[in-house]
Structure formats: structure tokens, C-alpha cells
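K.L.:
Okay, here's what each chain looks like letter by letter:
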Amino acid sequence: MTDATLGAAAPRQALTAADARLKKRHAAERRFKAQGIAAIIVALVFLVVLVGRIVSQGYTTFEAHTLTVPVYLNPDRIDTSDLSGVNYDYIVAEAVMKKLNVQDDDLGTISTKVQDLVSRDFGFQILNKLKADPKLIGQTIELHGPLKADADLYFKGEIKRETAEGDRKLDNQQLDWLDKLEKTGAIKSGFNFAFFTSSDSTEPEQAGVLGAVVGSAMMLIITALIAVPVGVLAATYLEEFAPKNRWTDIIEVNINNLAAVPSIVYGLLGLALFINWLNVPRSSPLVGGLVLALMALPTVIIATRSALKAVPPSIREAALGVGASKTQTVFHHVLPLAMPGVMTGAILSLAHALGETAPLLMIGMVSFVPGVPEGFTGAATVLPVQVFIWENASERAFHERTAAAIIVLLVFMIVMNAAAVILRRRFERRW
Amino acid sequence: MLTWLSLLVLALFSGVAFAAGRRRAVASAGGRSRVLHSLPVYYGTYAALWAGAPAALLLLLGASFGGRIEDAMLQSSRPAAVQALEPDRQAVFYSDAHAIASKQPPSEVAYEGELKVALDAKVAEAQRIETVLNVGMLAGAGVLALAGFLLAFPRISTEFRARNRVEGWVSILLIGCSVAAVLTTLGIVLSLVWESWRFFQSVNPISFLFGTEWSPQIAMRADQVASAGAFGAVPLFAGTFLIMLIAMLVAAPVGLYSAIYLSEYASRTVRGVVKPLLEILAGVPTVVYGFFAALTVGPLFRAGFNAIGAALPAGPLATYLMEVQNQMALVAGVVMGIMLIPFVSSLSDDIINAVPQSLRDGSYAMGATKSETVKKVVLPAALPGIMAAMLLAVSRAVGETMIVTMAAGLQAKLTANPLDTVTTVTVQIVTLLTGDQEFDSPKTLSAFGLGLTLFVVTLTLNIVALRIVQKYREQYD
Numbered sequence: 001m002t003d004a005t006l007g008a009a010a011p012r013q014a015l016t017a018a019d020a021r022l023k024k025r026h027a028a029e030r031r032f033k034a035q036g037i038a039a040i041i042v043a044l045v046f047l048v049v050l051v052g053r054i055v056s057q058g059y060t061t062f063e064a065h066t067l068t069v070p071v072y073l074n075p076d077r078i079d080t081s082d083l084s085g086v087n088y089d090y091i092v093a094e095a096v097m098k099k100l101n102v103q104d105d106d107l108g109t110i111s112t113k114v115q116d117l118v119s120r121d122f123g124f125q126i127l128n129k130l131k132a133d134p135k136l137i138g139q140t141i142e143l144h145g146p147l148k149a150d151a152d153l154y155f156k157g158e159i160k161r162e163t164a165e166g167d168r169k170l171d172n173q174q175l176d177w178l179d180k181l182e183k184t185g186a187i188k189s190g191f192n193f194a195f196f197t198s199s200d201s202t203e204p205e206q207a208g209v210l211g212a213v214v215g216s217a218m219m220l221i222i223t224a225l226i227a228v229p230v231g232v233l234a235a236t237y238l239e240e241f242a243p244k245n246r247w248t249d250i251i252e253v254n255i256n257n258l259a260a261v262p263s264i265v266y267g268l269l270g271l272a273l274f275i276n277w278l279n280v281p282r283s284s285p286l287v288g289g290l291v292l293a294l295m296a297l298p299t300v301i302i303a304t305r306s307a308l309k310a311v312p313p314s315i316r317e318a319a320l321g322v323g324a325s326k327t328q329t330v331f332h333h334v335l336p337l338a339m340p341g342v343m344t345g346a347i348l349s350l351a352h353a354l355g356e357t358a359p360l361l362m363i364g365m366v367s368f369v370p371g372v373p374e375g376f377t378g379a380a381t382v383l384p385v386q387v388f389i390w391e392n393a394s395e396r397a398f399h400e401r402t403a404a405a406i407i408v409l410l411v412f413m414i415v416m417n418a419a420a421v422i423l424r425r426r427f428e429r430r431w
Numbered sequence: 001m002l003t004w005l006s007l008l009v010l011a012l013f014s015g016v017a018f019a020a021g022r023r024r025a026v027a028s029a030g031g032r033s034r035v036l037h038s039l040p041v042y043y044g045t046y047a048a049l050w051a052g053a054p055a056a057l058l059l060l061l062g063a064s065f066g067g068r069i070e071d072a073m074l075q076s077s078r079p080a081a082v083q084a085l086e087p088d089r090q091a092v093f094y095s096d097a098h099a100i101a102s103k104q105p106p107s108e109v110a111y112e113g114e115l116k117v118a119l120d121a122k123v124a125e126a127q128r129i130e131t132v133l134n135v136g137m138l139a140g141a142g143v144l145a146l147a148g149f150l151l152a153f154p155r156i157s158t159e160f161r162a163r164n165r166v167e168g169w170v171s172i173l174l175i176g177c178s179v180a181a182v183l184t185t186l187g188i189v190l191s192l193v194w195e196s197w198r199f200f201q202s203v204n205p206i207s208f209l210f211g212t213e214w215s216p217q218i219a220m221r222a223d224q225v226a227s228a229g230a231f232g233a234v235p236l237f238a239g240t241f242l243i244m245l246i247a248m249l250v251a252a253p254v255g256l257y258s259a260i261y262l263s264e265y266a267s268r269t270v271r272g273v274v275k276p277l278l279e280i281l282a283g284v285p286t287v288v289y290g291f292f293a294a295l296t297v298g299p300l301f302r303a304g305f306n307a308i309g310a311a312l313p314a315g316p317l318a319t320y321l322m323e324v325q326n327q328m329a330l331v332a333g334v335v336m337g338i339m340l341i342p343f344v345s346s347l348s349d350d351i352i353n354a355v356p357q358s359l360r361d362g363s364y365a366m367g368a369t370k371s372e373t374v375k376k377v378v379l380p381a382a383l384p385g386i387m388a389a390m391l392l393a394v395s396r397a398v399g400e401t402m403i404v405t406m407a408a409g410l411q412a413k414l415t416a417n418p419l420d421t422v423t424t425v426t427v428q429i430v431t432l433l434t435g436d437q438e439f440d441s442p443k444t445l446s447a448f449g450l451g452l453t454l455f456v457v458t459l460t461l462n463i464v465a466l467r468i469v470q471k472y473r474e475q476y477d
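Residue numbers (this note's numbering), protein chains in the order written: chain A, 1 to 431; chain B, 1 to 477.
To be clear, the hints were calculated from the coordinates, so they are not data collected in a lab.
Certain hints may be false.
Unchecked claim - Here are the computed lysine-lysine pairs in the DSBU-like style, where the Cα-Cα straight-line distance is at most 35 Å: (1) A:Lys-131 / B:Lys-375; (2) A:Lys-99 / A:Lys-24; (3) A:Lys-23 / B:Lys-370; (4) A:Lys-135 / A:Lys-169; (5) B:Lys-103 / A:Lys-23; (6) A:Lys-23 / A:Lys-99; (7) B:Lys-471 / A:Lys-326; (8) B:Lys-275 / A:Lys-309.
Everything numeric in this text was worked out from a predicted model, so none of it was measured.
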């Protein structure tokens, strides 16, 4: 370059000085950018660990080990006058012992140990069969049912033989039996349908999510029936009809603040208003739906307002221009055009309501509900609360089920969110 | 059931009213509906609304408040045998009478002798009241429906402005729906204030807000000596503050930096991938975070600290670290911080994007690098908005319930040690209101005192934050 050939010392010095500073500035630039990237990576790592951890803890639930065993319904042990009082678990244990070629000792330690391996579900099966057909007594029937949770965990590798015998739930003899049963083909693994067809139970191997899924669905129906129409109409009024005065300002500030009220406060409201004052049955889908509807209302209103805002004024002017009244303009033209946005917002706030737990604890939904809710006013449990209840249980098998219930919950939320996204992609119009 | 049936009948009746009104309008115009003021549909709707709406409102009010009226009438006279009972046993008595009368399972309390006689009398009375109420409600609804129809139907003529009338109904409906939001706030405030007021009758508000001893489980009854001193909420406030602080220490830098990167540096594709992923993090239910905290992060941190304690030379610190438990404030705080990252990041992202491009262009023109522009121009301009975003995040952290319920402890301790077990306001509300409860004891009512405090704090934070955002928006609009 020319200034180099000129050899002027002073400007060159100035240039190099600036160079050092520039380097520093560029280094700062790179550092800053790296910090930004690091932040994003940290957030994404949290996401991956969270989801990965839950999937890795929960996926094993979808596999279950079942036992098929011929059971001799010994007439000596079954008192026909009191079918419900019979010790069926022992009859099942006898059948398994026969299969294993072991004899019970006088103290019954062997049969007790065998009973620790098979689910009590077998006993209930026999009882139900006998109630339907008492003639079965004295015959041998083939029964098929789940193993007890600990035995199931052994086959899934959660309980290991390497662990010291005193530290695990099953001793060496029990593990030998399990291996033997598996070798003879009596124990098979398969997809755990029972998890989706049964409700909460005190025995982990019999506990499923059906009751909670139905409860969640019923509750969401109530929430949707209340929050969506009321929210959409309220937003329509505020956006299209309301005069700008102090009252509408108050309503507006109010809605924005309501959206940020902690969910547990809604639970307190539900307890005081719906349960203690209006006598709505505790822990019913009805009261849960009402509380969640109040909670979802502000978000539905906010989403609807932004969807209405996106409809250009020209639509309104054209409708008014051909002689439609204000109400006709809004209900025949503006609202239908805003509908995709409204529905997207509504689905998203319902998905949020689906995952809400805290307010439901206040209105008595933590109670143990074995079975599908009997109606909108019967006792029910919902998926997130089921997660909370199972997480509190001490058995290890319940932790596995908690994670599986979370997976089910997340699948429902993903489906709802995906529906919202598809709705937005397909029907959204850019003006 | 009765309500549903009568609503169905009512719907049929208003359907008939619709058809009749429409037909009358068309007939009065001699079949040429062009002569009518409004479309025929509006005449039908007008008749249907008058026939159906007032009666439906009555039926719904009856269904909501009927049980309450019945209870009030039942309790207007109290037999001597019942008056001898304790107040909460009396409540059980009446709810049982009500339950038996409406064929629902009563409580498991056994009634004998005079009480049994009184119960049977009350059950009969309840059934009588129920019948009277139901008949009255149905008759009222029938009269209203007929009267409404007879009022509306003769009015229908060619000149009648049916559309304007129907639109009047529509705007009443719309205003009613918007008022629902205000009523919710009113309901929250009234129920919290009312129950808290009852609580503050037995516990001094000053000792509640400034007391340092929290042990509501001991003070089961109001007349116990310890009851007044056991409701000092300062340890709860301290615990809430500690966990909030830890959460913000995680969420604020990570959230803010990712917002800056996404809005200033990231390419369209990166933004398109990362933003939805962060939204997933935001959509995960809090109970899932709670599970993650309790069963993954808690044991992990505990194992980590125990290992550090084992590696350190023996001393009080090493012993302390070896004994750290799962339920430390740090675990709940960190997981809550993770939950808040997307919240902080998306709010800050909006605010940074709202800073006018001209400010950035001016800075670049002066030769500033991108980071210098961000640090010296964009962030100062966005500072009020970012402060507001942080306040909103703080409000979320204070009101968050599930994570702390599952991962923080129950012990009320006044400590600033993040490795110690603390409890929060929300955890205590959940603990006090789940499980067996008698509704009138100060123990249960204290939950409403805590709820009121929580509501006031979060509301103040929100109002301040929204004010700041509003002012800030005006500045650049």
C-alpha cells in the first residue's frame, strides 16, 4: 500500500494502537456471543435432561411381565357360604408352588414368599369367576395375570442379583423361582395394556391411568364449555363494542392482572366459593372444571382480543358499508375471520389447564379414587394430580408409573399443542 | 337431573316460540318478508329469547343456590339435642341430614337416641323443603316462560324493530361475560378477605406478619395457649424469598442472554428451531418439574454435596455437607429457575425487539460492534421493560406451588443457607388445606391469611410491572 511505501512513522503507530484496541473489542464481541450461545445451550440441555430423564424412568412401565398358571380350585379351601372371605391368595400360591415343585413348610414361609411374587389380581380373578359360576370349584382353571411389582422390576433389571441380598426386596430363593418360571415359559413379557385399562390402586402392578384420563377429560369439558364462550364473548365486547371509558379500562387492567394471579389463589377461591358456599361436591370434575375455567378465562380473553385485532378494519368498514348493523358485522364477518386465532388460543389455554395441579389440591382432588369417575359430581382424580399422588408413594414401582403417567400427560399436551399449531398454519390469514 | 330435564323442556318451548314468532312476522307481512323491518329470523329469535332466557336464568340460579337456601331453612330451627353438640359436629349433622334427604352417602358418624330422632325429623324437613323449592322453581320458570312469550308475541308486527331488540339482548350477554372477569377478581378478593378476617379474629395480624415461629400443627384449637404464637409467618416469607432468589439467579442470566442471542445474533433458522424448543420448556406442567426436582435433581445434588463433604478434610463443614438432605432450598430454587428461563427469555425477547432499529443503526454508524450496541444502546433502552419482565418472573416464582410442594421441605426455618430445608407460603397453604380439615379452626383459616398475603404481593408486583411496560411502550410508539 502507498502509506507503507511512504514510511510515515506516526500514522502507522496510530493504526497499530487502534489494532490492539480493535482486537480487544472483537474479543469482547466473541465472548459476548459465546455467552449467548452458552445460555441457549444450557436451556436446551435442561430440556433434554428433563425429557430424557422422564422417558428413561417411565418407558419401562409400558412393558409388563405376566404369569400364566393353572390353578386348582381346591374345594377344601373354599367355603361356598362365604366366597368373599376365602384366602384366594393362598390358593394361587399353592398353584405356583406346584409349578415350582416346592412344598410349603409348617410356618408357611414358602407360601408367603411366593405370594410376594404374584399380584393379588389373581385372587380377585378367582373370586369374580366363582361368583359368576360356582360350579368351577374342584376344577383346574388357567389364570393369566400380572406379577407383583417387585418381581416385575427384577425382570426389568431394576432389582439386580448383584445387590446384597439384604438390600433388595426379593431374596435369592425368590429370584431363583422367578428364573425357573421364566424358563418354563410361564412368565412372559408384553405390552402393559393394564396400565391404560385400570385406575388407581394401592398395588403398583394394578395401578393405571384410565380413571385419571377420564377425570381429566371430564374436567376439561366443563372448563371448555364455560371458559371458551364466556371468554370469547367478553373479548368481543371489549374489542369491538366497548366505549373507551374508565369502566372498560378497569376491566382491562383487571384481566391483565388476573392472568398473573398464582394458580393456588384460584384454588382458595374455589374452596371458599364453590365448595363452602355453593356446596358443589368436593373433588368432582364439576368443581375442578369451574376453578380451571376461571383460571383459563383471562388467557382466552387475551388470545381472542389479539385475534380480533388482527382482522383489518377494511372488513368492518365494508360490512357496515353494505348496510350490516354493528352486531351483524362482528358476528357475521369479524368473528368468523378471527376464529382460527381464537381456537388456537383456546386450545393452548385448555392445554395449560390440563397440566394444572395446585388449585385442584385445594378442592380435595388428592383423595384416593379407585375407578373411573361416576359422573360430573362424583369423586375423580386427574392426570397431574395422579402424578403428584404417585410421586408421594414410597414404593419404587410407583416412581416408574409416575414417570409413565407424566409421559401420558405430555402426549396429551403435545397433541393439543400440535392441533393448535396445525390450526394456525392451515387457517391463519395474513392481511 | 331435574334441572337438566326442565332446561330441555324449556329449550323445546323456546324452539316453538321461535317458530311461532317467525310465522307471525311473515304472516303479518302477508308473506312478503321484504316489507318487514328486520329479517324474519330476528322476530323468531326475539320471541324465543323472551320465552327462554328469563326462565333459564331462574332455573340456573335455583340449581346453584337451592342447596344453600335449603341449608339456611334447615338450620333456622335447632333442636336442643343438636345444640348440645360442638359447632363443627353440628355442621356435620346438618350436612348429613341434607345428604340423606338428597340420597347421597352421609358421613360415617353414627346417630343414636335423641340425635337419631332429631336427624330423622330434619331429613323429613329437608325433603319437604326440597319438594317445595323444586315445585316453586319449576312453577316460577313455567310462569316466566309463558309470560315472556305472551309479552313478546303480540308485539310482532311489520313495524316492530326486532333486530334492534335482539341486538340489545346480545349486548347484555356480551357485557355480562366481560363482567365475569371482574366478578372473578371480586370473588378472589372477597373470599380471601372474608376468611382471613375470620382468621385474624383469633390471631393478631401483627404477630402473623412479624412473628418468627410457625407451627400451625401444634395449635389445633383456638383456646390453646400456644395458638397465638404459632402463626408467625416470617420463616415462610424468608423461605419463599430464598427459593425465589435462587430461581432468579438461574433464570435471569440464562433467560436474558438467550433472549439477546435470539433477537440480535441468531439466524432465522436457529431462531425458528430454538424458540419452539424453549416454548416446550414453558409448556411442561409444573408437577413434572416437581417430579424432576424430587427424584432427579434432589438425589443428584445430595450425592454431589456428600461426595464433596467426603473429599474435604474432616471438620464441621465436611460433616455438614455429608449430612445434607434431598429437600434443600437449592434444589427447588434451581428447578424453578429452569422453569422460569423460557418465561424470562420470551418476555425479554419481545422487549428487545421493540427497541427501534434506528437506535441500533445509529450505533453501528458510529462504528460500534454488535455487542457494544447491545450493551450500550439496546439494553439501556430496554432496561425498564426487562426490569418489568424480571418482576413478573419474581411474581411467578413466589406463587409457584408444585415444585416447592414436591421438592422443598415442610420445616419452617429462618435461614439463608441454600443447603438447608426451608418451606414456603404456597407449600404451607397446600399442607394446611389437604387432608383432614375442620373448616373453622385457625389452622385451616391461616391458609387464607397466607393466600391473601400472596395475592397482595403478586398483585403489587404485576401492577408495577405492567405500569413500567406501558410507560416504556409509550416512549417508543
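K.L.:
Run every hint past the structure and note whether it holds.
P.N.:
Going down the list of hints, with the structure as the test:
no., hint, in the structure
1, A:Lys-131 / B:Lys-375, "violated, 78 Å"
2, A:Lys-99 / A:Lys-24, "violated, 79 Å"
3, A:Lys-23 / B:Lys-370, "holds, 14 Å"
4, A:Lys-135 / A:Lys-169, "violated, 38 Å"
5, B:Lys-103 / A:Lys-23, "violated, 84 Å"
6, A:Lys-23 / A:Lys-99, "violated, 80 Å"
7, B:Lys-471 / A:Lys-326, "holds, 33 Å"
8, B:Lys-275 / A:Lys-309, "holds, 24 Å"
In this structure, the earlier hints numbered 1, 2, 4, 5 and 6 are contradicted, and the remaining ones agree with it.
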